[in-house]
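Chains as they are written, first to last, in the working numbering: chain A, 1 to 327; chain B, 1 to 327; chain C, 1 to 327; chain D, 1 to 327; chain E, 1 to 327; chain F, 1 to 327.
For the record, the hints were derived by calculation from the structure and aren't laboratory data.
Check the hints yourself; a few may be wrong.
All copies of an identical chain are treated as equivalent in the list; a pair is satisfied when it fits inside any one copy or across any two copies.
As the list claims (entries may be wrong) - When the alpha-carbon atoms are kept at most 30 Å apart in a straight line, the in silico DSSO-like pairs for lysine-lysine are as follows:
1. K174 - K321
2. K204 - K174
3. K204 - K259
4. K174 - K259
5. K127 - K174
6. K155 - K46
7. K301 - K209
8. K2 - K90
9. K321 - K127
10. K285 - K302
11. K321 - K155
12. K302 - K90
13. K204 - K177
14. K155 - K2
15. K321 - K204
16. K177 - K127
17. K155 - K301
18. K204 - K301
Since the model is a prediction, treat every value here as computed from it, not as a measurement.
Number of protein chains: 6
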Amino acid sequence: MKDFYVADAPRFENAVVTSFFCLSGMSLREKKGGGGQYLALSLSDKTGTLEARMWEEFADAFSTCSEGCYVKVQGQISKYNGKFQITLTKMRNAAENEVETADFQPVSAFPAEEMDAELRAIVVAFKDEDLKRLVLAFLDDPEIGPAFRVAPAAKVLHHAWISGLLEHVLALVKVLKAVAPFYPEVNEDLLLTGAILHDIGKVKELSWKTNFNYTLEGQMIGHISIAQGMVREKVLALQPFPERLRILVEHMILSHHGKYEFGSPKLPMTPEAMLLSAMDDLEAKFSALRREFAGAESAGKKANETTEWVRSMDRNLFDSKRWLAEE
Amino acid sequence: MKDFYVADAPRFENAVVTSFFCLSGMSLREKKGGGGQYLALSLSDKTGTLEARMWEEFADAFSTCSEGCYVKVQGQISKYNGKFQITLTKMRNAAENEVETADFQPVSAFPAEEMDAELRAIVVAFKDEDLKRLVLAFLDDPEIGPAFRVAPAAKVLHHAWISGLLEHVLALVKVLKAVAPFYPEVNEDLLLTGAILHDIGKVKELSWKTNFNYTLEGQMIGHISIAQGMVREKVLALQPFPERLRILVEHMILSHHGKYEFGSPKLPMTPEAMLLSAMDDLEAKFSALRREFAGAESAGKKANETTEWVRSMDRNLFDSKRWLAEE
Amino acid sequence: MKDFYVADAPRFENAVVTSFFCLSGMSLREKKGGGGQYLALSLSDKTGTLEARMWEEFADAFSTCSEGCYVKVQGQISKYNGKFQITLTKMRNAAENEVETADFQPVSAFPAEEMDAELRAIVVAFKDEDLKRLVLAFLDDPEIGPAFRVAPAAKVLHHAWISGLLEHVLALVKVLKAVAPFYPEVNEDLLLTGAILHDIGKVKELSWKTNFNYTLEGQMIGHISIAQGMVREKVLALQPFPERLRILVEHMILSHHGKYEFGSPKLPMTPEAMLLSAMDDLEAKFSALRREFAGAESAGKKANETTEWVRSMDRNLFDSKRWLAEE
Amino acid sequence: MKDFYVADAPRFENAVVTSFFCLSGMSLREKKGGGGQYLALSLSDKTGTLEARMWEEFADAFSTCSEGCYVKVQGQISKYNGKFQITLTKMRNAAENEVETADFQPVSAFPAEEMDAELRAIVVAFKDEDLKRLVLAFLDDPEIGPAFRVAPAAKVLHHAWISGLLEHVLALVKVLKAVAPFYPEVNEDLLLTGAILHDIGKVKELSWKTNFNYTLEGQMIGHISIAQGMVREKVLALQPFPERLRILVEHMILSHHGKYEFGSPKLPMTPEAMLLSAMDDLEAKFSALRREFAGAESAGKKANETTEWVRSMDRNLFDSKRWLAEE
Amino acid sequence: MKDFYVADAPRFENAVVTSFFCLSGMSLREKKGGGGQYLALSLSDKTGTLEARMWEEFADAFSTCSEGCYVKVQGQISKYNGKFQITLTKMRNAAENEVETADFQPVSAFPAEEMDAELRAIVVAFKDEDLKRLVLAFLDDPEIGPAFRVAPAAKVLHHAWISGLLEHVLALVKVLKAVAPFYPEVNEDLLLTGAILHDIGKVKELSWKTNFNYTLEGQMIGHISIAQGMVREKVLALQPFPERLRILVEHMILSHHGKYEFGSPKLPMTPEAMLLSAMDDLEAKFSALRREFAGAESAGKKANETTEWVRSMDRNLFDSKRWLAEE
Amino acid sequence: MKDFYVADAPRFENAVVTSFFCLSGMSLREKKGGGGQYLALSLSDKTGTLEARMWEEFADAFSTCSEGCYVKVQGQISKYNGKFQITLTKMRNAAENEVETADFQPVSAFPAEEMDAELRAIVVAFKDEDLKRLVLAFLDDPEIGPAFRVAPAAKVLHHAWISGLLEHVLALVKVLKAVAPFYPEVNEDLLLTGAILHDIGKVKELSWKTNFNYTLEGQMIGHISIAQGMVREKVLALQPFPERLRILVEHMILSHHGKYEFGSPKLPMTPEAMLLSAMDDLEAKFSALRREFAGAESAGKKANETTEWVRSMDRNLFDSKRWLAEE
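Let the hints inform the model, and build the full structure from the sequences given.
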């Protein structure tokens, strides 16, 4: 169990602490003014990251620990230029049973069980029994189901936290339920099936055991094609299953990125695929916008200043609500 | 007043009729097998278009009437190759007081007054008094208001019918009211102001007296910049008016096409501009999709066939609902 | 059985013939000089297309036959403006057992069995037993195998003829065997597996029963994703199968179009994927070039003239060999 | 008043000086070898930028001064690694009345009054009285006129100095007067009106009080649409004003960037708009070229070397004249 | 010699005429109402094009004459549907010595000798003796010189008439002389050398003996690379010639299209290359604009209407001067 | 002569050595903890690069030596943080006759004479005597021939080593000989001529005396146009030479980059140009892939990790062979 978190540092100034961290960075540096080397490290948990220094006897630590692993350390907290840091005397690899993943990773603000229950209630209400069977086959799958409830939605961008995928899917499902009635061309059960399964391939595209990363399969196949293959396997297991629904569901998954250059091998051709793709894109944009607004405010930007340039959107953003509230 | 409409032809086969039409096409052709020329015409009203022929004495008609004008004609209805046509004996220009525009142009399926009332009720409920004043200044403007209730939304594409602009705006406002609660970064009054005013420049970009067309100002300035200028004039007249709101409203108008290559001089930077642009684009896409689905069905396409290639979207579309209903 | 082919017309001038054709075009037209309508038709078989006219008693034929069907006709051959045509007195739908597909469709110049044998010999020589099992599972599949030996490679472009897919695959395999030794980074068995399976999805993307066309699944899923799903199913059936090989084979299929805008959801990342994509593209280009050179020559272009503009390559082409031979 | 300028440093080596600067950069750094922090600063005036260090007693200075403000400092000039720097003992904010903007900002090499007089003489010679009234209404406007004579033409790129906008406009007007006679399709008064007003929106898009920056309105509306609104307001005030001229002037302003992706909502359609856009682009390119040639020479590049890569033009540039002169 | 021109038809109604034409179109057509074929032809000379019909005895004419050749015809002028046409009784190929090219091709409005003299006067005034030698070597070349004075500047677009190349070059040289003084970075002799030689490759890229067309070398090498090779050959013949001037002249030629996608292998890097490319582009645009304005007016467009869509510029154009003159 | 190479450092730890190097980097730095400056240098030869420090008496060395020159140095080898470095006591410029280029530059793994012999044997076997004459005229040219055998193929990317151009050309020729038989449209002698000459312009585009760089002619004309000019000169000298071959060879050179945006003024139109361009591109890609795989392995990447992002190909790469070998 973890006794000390990064966020606890102020209460432990000058104290010696022992705790577990994810070793998120490590490099050898030369001491200023000569006289040899020291180890500069970054130690992370779900509450933040702490700079660490190890001035002596670090040869073993350096050769046995590596970035992305859990470590157990002992050291003294101090404050330097207004920031807390820790000077280590010991560091070793942590055994798997010594740590709990939950202590080290950012987690959704919403409990996974609650989100899962809310999502299931929506699925159970489907009128189309085949689509209901299909979606539940995913949610109840002993491997896919639990992974779906835990996986982040991305490595670094939107919803990059534990259960972020479920959080993103649920938000998308809810906004789609609100929008669908305005477009009578849309079959709502089909649309929601697409929404729930569109990113299901991320449970194999990403790994989140210690830190968040892409799997090799993720890099070489991608979550779109992984998901299409998963649907195909499930449909095989659910036979007889209407061929028309299979094609329409696969089409939504393949086309949901909306453009070839974003990795979709097909463009949205049906009302459901078009609506899903548009609202998924909007969710992603607002997710980025939230992150940028929070970042700008915490970086001390004033209400009448735009955010920094947002490369993924090729523009600066502006928090109109904050500006109007100021008046 | 107009006694005979294109749609009435079946009931008048072989009868001689007299009526008013919009002359939507006219050309001289050579008679097959030689022997001189005849006049081939297209006569339109709000119910459709009828092919017409004038075999003799057409010199006056040809030199005095021109495409896009109203004409009064006399002729006999006949059926040829399964289609009705009319053989004219007389045609002359119609005087302005002889015709009512409403008889000749496609019109929204929803009464303009009802749509106007629904929109006003939404505006009256704004919490922000300044935005309410601004929007009402447009709706109550003795020139802009009536034009806004009559204008089409386009020359040929989406909502190309009388009161199509109002219909488009009201649909957009309603879907935005449903979506806005999911995005707490959005100021709803500001968003709806943008939705109501984003296309207001079309009242000067388009002309719809007889047929629908672009004005010269529309071609050289465009509805985006026309609308921005109209807002600026109204704000001058409503002084004092909060400068911040003016900038945010102008920004929504300028950026609502979402991309530079679609004629927006700025990209959406605020939550309201981003949401408005996304949902406006979705409305346009579903409008196109509806038109294509109806066209494919009336052209005899089967449920398992895609539409023809849709150039504006660079793809074929597919009516999933019709296909599923068939099973 | 079919007694008379389009190419036989010169020997039958003025004779009355009876035969089967694919009805590749049909429309009603007005007789010149008035006096009613006639039926203008196009009748095709594997040797070409013949214009047909039906001047009387065509009501039944018109309402019961449709484009893309086989018909039985009776009529008289004549020559008009230097081209042969046929004036029909009878036309009715042909029953399935009256026609043989092979009479109506262009066919590869190489016998399918010989090509199949040549390909199998190459597969049997694979050193990698897993890849050999995988490829043979496709070739021996009771549904996929026969379809693979008959399918065209495209609707209208390269190798648009019966067994064109097999012809294209075999040609690609042979050139890859010649090139692979120059690139030692490449695993040859893996490369050839990719070459044999890269277009296997076309057996479901295309239909070729009467004429060549896209299936609905082909339009909405596409042969790339169809093929990826087929590999996934086969691998399930062949368990245990090395996961690494599965990923590398899927990657080759997904990336073989080489660019996102050509519908590949991934770009080639491995030596095999890169070489396959490049040589497949080269095969397609030379196939186009052959078609264009033949077309230009048969259209009477001289040796020092370029072909017409080739839209798919955005340029004119030039037959250097023909030009040099002329000197 | 300012006694000491950055460019005076060589004459004051080792002397203690007191002066005012614009604080263009400030950050806390750790002393090498440990032992606490120091303040690293950049002090600028119109003659250049001087690095400064403050080793002690900087807490007050750090908390009260901020980047972009004017400061009063005291310190000793020294030379370090061949460059002059200053070690500060005091720094405080300067009061508004202690400084003159002109001391701190780069200024056009041409006196604003002379440029203004030259421009006015050209306007006064207009044959078209309406266009003359329009342009003079801007030049004589008590707010716009003075701002137009002082504003820079950009934040960092071309003519980024006080009165740079006027300098750019005058240069453009003069070259247009030389070119116009070669294009008889062009109405010269109209062309020159466009040239004088095309960038007038920059007086609100930019701020130049201490340093040069974008205003929020500049970022969200942009100088093109700001200018269009300004013309519309002036035209309202000048009624009656010919509607045709208003449309043609607005069109030139809206289209002068020449491409959608450069933020022009319309492409140049008239001879005047086309010529204005082309020559404005050429002015910008030569302005960049001048800056790059000067930069390359001062960086010690030899005459047979190209400049560094110029990102805005996607190429290296080459000073042909300098190279030829060398021979 | 040619006695009758297309433009003379009104004065010869119903007369029988004999004359020479360029056979610009020929096709066999079926007579309306059946009864065999006739020959439909287009006959052109420098004054326009005349429709022709040959109803009988056309077998020889059809097999021996071909499009692009000169023919001698006899026939009767008549008026049909308001347009003149000619009914031929005889047509045969014309011998080379029977026709003069000048009778059949559009020609510049300016005499070639005058333009040549004006250009030479400018060259003779060069201060740089080497550049003067280089340019004169082209103008005095016994093959290149005469071709340069006769060649059109394009097949169909700008200056597509005899001596159009010289006309374009002279116009460009004159506007460059007016503009150059505003850009002191520019070496004027070097700039004018580039202007005179930039399109010199067109003398080999185009053929203009009967009609205007591309040569095979033109299609496969292009006028840019042809010109570069011509300069290289001339420089070899003029040794010693300064290497620096050779590189700078070649660079101007290679880069004058300004963009890679327009076939320039290099982008303009020197002041001269940049100015040449910009003004050459402007000349081309105004040339298109003149053609479009004239076309719109002769097609009966009103002053307040834009031209048709101009594909090469992706926009409609508008003749502002004509519109203003109307008021 | 050079006694000590960078790769010899381990055997000379703590010894004082004297040797020649290419000075590949030099900068003044401040000593840590204050106390003045020192000189930080990089010394290179064909075996690698060694970091050097000069703590005292470096004023002369600094002012007389410059990057890219050869230097003679004396100093002591030591090991610091696991890496060897050298502390200099002397450094001066080396005279030209003191060094041999071959000691300092990376060199092809294949002897130039052997590659040259292999290439010549292929040329001598040409059936086309004219193409044989043309190619030999280049290989036997007293200036071009030797340069072609020594030149690198690029400054930093593929085959950036001495004789890299010849190595690249020979590899391309060999793979083309293997591929050509599959494309009967191709004239093999013509194809190989294109392969041998396509990059011949690099002998003037690059300089490789000490380090590899672009010449000014290379930057302003480019190797494509330089090569085209060289062919034109050789053809002049070989008259009579078939014009058709000249055009086809020039076309291959001009089009071999395959796209306008890569600097080709023409796209490949002939079978030979198309095949050459495709296989040249493949060679370049595999060259990059080899470099990236080697780099990833030496950077400690594991077999299941992709390479870093490869900007020139816009993707990560993956060494499938290494991964499969690991199993």
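Indicate which option fits the pair K177, K127 if close means a Cα-Cα distance not exceeding 30 Å: within, between, both or neither.
both (14 Å within a copy, 27 Å between copies)
Please sort K155 with K46 into within, between, both or neither, judging by C-alpha distance up to 30 Å.
within (15 Å within a copy, 41 Å between copies)
K321 and K155: within-copy, between-copy, both or neither at 30 Å Cα
both (29 Å within a copy, 28 Å between copies)
Indicate which option fits the pair K302, K90 if close means a Cα-Cα distance not exceeding 30 Å: within, between, both or neither.
Cα proximity of K302 and K90: across copies only (28 Å, versus 43 Å in one copy).
Between K155 and K301, at a C-alpha cutoff of 30 Å, which is it: within one copy, between copies, both, or neither?
both (26 Å within a copy, 20 Å between copies)
Could you figure out if K127 and K174 sit no more than 30 Å apart (CA to CA) within one copy, between two copies, both or neither?
Cα proximity of K127 and K174: in one copy and across copies (17 Å, 26 Å).
From the Cα coordinates, with 30 Å as the cut-off, is the pair K204 and K177 best called within, between, both, or neither?
within (27 Å within a copy, 34 Å between copies)
Intra- versus inter-subunit Cα pairing at 30 Å for K321 with K127:
between (40 Å within a copy, 15 Å between copies)
Is the C-alpha distance from K174 to K321 at most 30 Å within one copy, between copies, in both cases, or in neither?
This pair counts as both: shortest intra-copy Cα distance 23 Å, inter-copy 21 Å.
Between the shortest in-copy and the shortest cross-copy C-alpha distance, which are at most 30 Å for K2 and K90: within, between, both, or neither?
Answer is within; shortest intra-copy Cα gap is 16 Å, inter-copy 48 Å.
Is it within, between, both, or neither for K204 and K259, if the alpha carbons may be no more than 30 Å apart?
Both: 22 Å inside a chain and 24 Å across chains, each within 30 Å.
Please sort K174 with K259 into within, between, both or neither, judging by C-alpha distance up to 30 Å.
both (24 Å within a copy, 28 Å between copies)
Hint violations for this structure: none, all hints satisfied.
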